[in-house]
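J.: Protein sequence lines, in the order shown, are assigned to chains P and V.
For the first sequence, our numbering gives the first residue as 645, with consecutive numbering after it.
For the second sequence, our numbering gives the first residue as 99, with consecutive numbering after it.
There's no promise every hint is true.
To give an idea of the chain V side of the interface with chain P (calculated C-beta under 7 Å), a few residues [to be verified]:
#, residue
1, Val127
2, Phe129
3, Val394
4, Gly412
5, Ala415
These are computed hints drawn from the structure, not numbers from a lab.
What you are looking at is a predicted structure, and each value in this text was computed from that prediction instead of being measured.
Ideal Cβ placement from N, Cα and C applies to all residues, glycine included.
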Amino acid sequence: MSVQINKQREIKSFERLKDLKAFHFIIEDSNLTRLFLIMIFIFVLMTAMKPELFPTIDNLSSMAFQFPEFGILAIAMMIAMLTGGIDLSIIGIANLSGILAALTMVKLIPEGSSFNHVMLVILLAMAVSALTGILCGLFNGFAVARIGIPPILTTLGTMQLFTGIAIVITKGTAVYGLPAQFSYIGNGTLWILPIPLMIFIVFAAIFTVILHKTSFGLKLYMMGTNPTASRFSGINNAVMLMKTYMMSGLLAAFSGLIIIARTNSAKADYGTSYTLQALLVAVMAGVNPNGGFGKVTGIVFAVLTLQFLSSGFNMLHFSNFFKDFVWGAVLLIVMVTNYIINHSKKKVSKNTNK
Amino acid sequence: MKKILSTNEFLVALIIIVLSIIIGSKNSVFFTAGNLIDLLRSGIVMGIFAIGVLIVIVSGGIDVSFTAIASFCMYTTTKVLNYYDFQGSVLIAFVLAGAMGLILGLINATFISFFKLPTLIVTLGTASMYSGFLLAFVGVREISNLPAGMSKFAKMNILKVTSENGVVSSLHFSILILIAVVIITWLLLRYTMLGRGIYAIGGDRVAAERAGFNITAIQFFIYGFVGLLSGIAGIVHTTLMRNSNPVNLLGMELIVIAAVVLGGARITGGHGTVLGTLLGLFLVIIMNNSLILLGVPSYWQRLVIGILILIGTGATAYRTMRSSRQLHRNSVG
Numbered sequence: 645m646s647v648q649i650n651k652q653r654e655i656k657s658f659e660r661l662k663d664l665k666a667f668h669f670i671i672e673d674s675n676l677t678r679l680f681l682i683m684i685f686i687f688v689l690m691t692a693m694k695p696e697l698f699p700t701i702d703n704l705s706s707m708a709f710q711f712p713e714f715g716i717l718a719i720a721m722m723i724a725m726l727t728g729g730i731d732l733s734i735i736g737i738a739n740l741s742g743i744l745a746a747l748t749m750v751k752l753i754p755e756g757s758s759f760n761h762v763m764l765v766i767l768l769a770m771a772v773s774a775l776t777g778i779l780c781g782l783f784n785g786f787a788v789a790r791i792g793i794p795p796i797l798t799t800l801g802t803m804q805l806f807t808g809i810a811i812v813i814t815k816g817t818a819v820y821g822l823p824a825q826f827s828y829i830g831n832g833t834l835w836i837l838p839i840p841l842m843i844f845i846v847f848a849a850i851f852t853v854i855l856h857k858t859s860f861g862l863k864l865y866m867m868g869t870n871p872t873a874s875r876f877s878g879i880n881n882a883v884m885l886m887k888t889y890m891m892s893g894l895l896a897a898f899s900g901l902i903i904i905a906r907t908n909s910a911k912a913d914y915g916t917s918y919t920l921q922a923l924l925v926a927v928m929a930g931v932n933p934n935g936g937f938g939k940v941t942g943i944v945f946a947v948l949t950l951q952f953l954s955s956g957f958n959m960l961h962f963s964n965f966f967k968d969f970v971w972g973a974v975l976l977i978v979m980v981t982n983y984i985i986n987h988s989k990k991k992v993s994k995n996t997n998k
Numbered sequence: 099m100k101k102i103l104s105t106n107e108f109l110v111a112l113i114i115i116v117l118s119i120i121i122g123s124k125n126s127v128f129f130t131a132g133n134l135i136d137l138l139r140s141g142i143v144m145g146i147f148a149i150g151v152l153i154v155i156v157s158g159g160i161d162v163s164f165t166a167i168a169s170f171c172m173y174t175t176t177k178v179l180n181y182y183d184f185q186g187s188v189l190i191a192f193v194l195a196g197a198m199g200l201i202l203g204l205i206n207a208t209f210i211s212f213f214k215l216p217t218l219i220v221t222l223g224t225a226s227m228y229s230g231f232l233l234a235f236v237g238v239r240e241i242s243n244l245p246a247g248m249s250k251f252a253k254m255n256i257l258k259v260t261s262e263n264g265v266v267s268s269l270h271f272s273i274l275i276l277i278a279v280v281i282i283t284w285l286l287l288r289y290t291m292l293g294r295g296i297y298a299i300g301g302d303r304v305a306a307e308r309a310g311f312n313i314t315a316i317q318f319f320i321y322g323f324v325g326l327l328s329g330i331a332g333i334v335h336t337t338l339m340r341n342s343n344p345v346n347l348l349g350m351e352l353i354v355i356a357a358v359v360l361g362g363a364r365i366t367g368g369h370g371t372v373l374g375t376l377l378g379l380f381l382v383i384i385m386n387n388s389l390i391l392l393g394v395p396s397y398w399q400r401l402v403i404g405i406l407i408l409i410g411t412g413a414t415a416y417r418t419m420r421s422s423r424q425l426h427r428n429s430v431g
């Protein structure tokens, strides 16, 4: 008798789980659908406002050069937020690793070097940058996981620390004179596709696979949803955290490489508004600041939406300050909308459960 | 005695003393009355900010919008008073800026309390909005001719010291404002039910709610109070600088947060004292102002601040982690 009841209970709870899963899928999907529609809407709106400028090949290609660096930063922000943390130091990491890479190239390539030598040094510079990113990420991860400093404060501090190191190295000046072969990464095209765009596509694909097809991704989502549960199911949360922040640092370093290649210089205080914008993209993409939810697809839609808005504003001659105002407002509006939608859904599901 | 020795305040005070001795032995200028007055003077605005940040952190939140609020209030106030060619007392400037700050703070509170959004994200968003609005619609140019009341207030010094080489250091009247703010907040946190409520929310939100604290009201108070303080700090800053610049306060928020955290306030909420905050602030100011006395170039400043934040937070975080492990061990064994 009791066995039967238990079985029944099991079946019931299993069904509820299935319900929850199906339900969850719809929420996530409707989020993405909504985001996709917003993106199309902004594109159409800007096209309607500036039909002679906005939908042109020139503008589309210049947008394709601009957004990748910052799309990659947004992915870096996202994976830190999946753990329930945040990474405010990404732009600091990007600039520091960019400066070290730029210095490597400037110092090791005398004038009139052979093509092979230049290529070799470029590869070395990339390795330097990647290593810097990983080390910075490891530092963040160690401080969060082993010392127990909350991620906000850790990365607030390391943002100052990394930028500070970059300023001390350069004494606050910019590093110029990168080899032409290197700036091809930031300004070149393969056929008609800008290289930064292709790099972004590659990273977006890699991280989609990592997050959804590997056990690492599964563990990451699980830890973000419930750290206690993941600990008791045998996941080493501390190691997971360190790995995640290292990945975030590595992504930031690659973004830094694109930045210095595109602007052909490296500077300690480049792109300070990117932190807020990366956070904005992640939140818009439906990444939950408390951890556990978020998809790369969402990041792609959100980053494109912001790029359309930003280019459109430029064409309408809005000032950069006005853009700051709009970014802040959009961030808050998106958060409030998500809250209201999730809240009303929760209420509905509660009622149906009764 | 052991209890006093192990408090965070004692530790910070010890570091301050050691640091002062080191700096003083390297450069005798440090211990002159003039330098000490300069240190105090540069701590006035940061001190008012720090008290506001303390309350937010004790309640378990974080606010990065206060410098944007202060810039908004001081610049708009100066512009409005100049526009009407206002000749009256500086009090009106304080009331105007304070009221504006209060409103902006309450906007923060609305997002935080009604929509339960993370405080960092809300204040990052509103900071961008406030400063963006200010620079896009109110103005970007520095105003150097202040309204009559404010420039008269700027000359109100309570103490003046002339050093041997003729450099005049003066302690401005607004240090009294800081002292008043400190005393009021200390009384508030220590002796009122509201203060208990702020600690309670930071310690355990759900428990505070069950215990009957009105979380919404307390949060509105906290962020409104921070806004009000920021508005006042903005006017003090303007009068001390004798001009109104819409951008030169922006970016200061991290130093202030670092000072409060160094002073022993825990970012997870529930812990923090006014005394600790003042000590932490003093430590940061000494570090900030004395790098030059030690012969360190000023571009080291960011790095030093980063290290300060990490050490300050790391020390408390590590201690909390260890004590919770100890607790665990004791309860198991």
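J.: Confirm or reject each hint.
T.: Hint-by-hint comparison with the structure:
1. The interface hint given for Val127 of chain V is violated, since its Cβ lies 25 Å from the closest Cβ of chain P, which is over the 7 Å cut-off.
2. For Phe129 of chain V, the interface hint is violated, the least distance from its beta-carbon to any beta-carbon of chain P being 28 Å, above 7 Å.
3. Proximity of Val394 of chain V to chain P is violated relative to the hint, the smallest CB-CB distance being about 10 Å (cut-off 7 Å).
4. With a least beta-carbon distance of about 5 Å to chain P, the hint placing Gly412 of chain V at the interface is held under the 7 Å criterion.
5. Hint on Ala415 of chain V holds. Least Cβ distance to chain P is approximately 4 Å, under the 7 Å limit.
Violation of the numbered hints given earlier is confined to hints 1, 2, 3; the remaining hints are satisfied by the structure.
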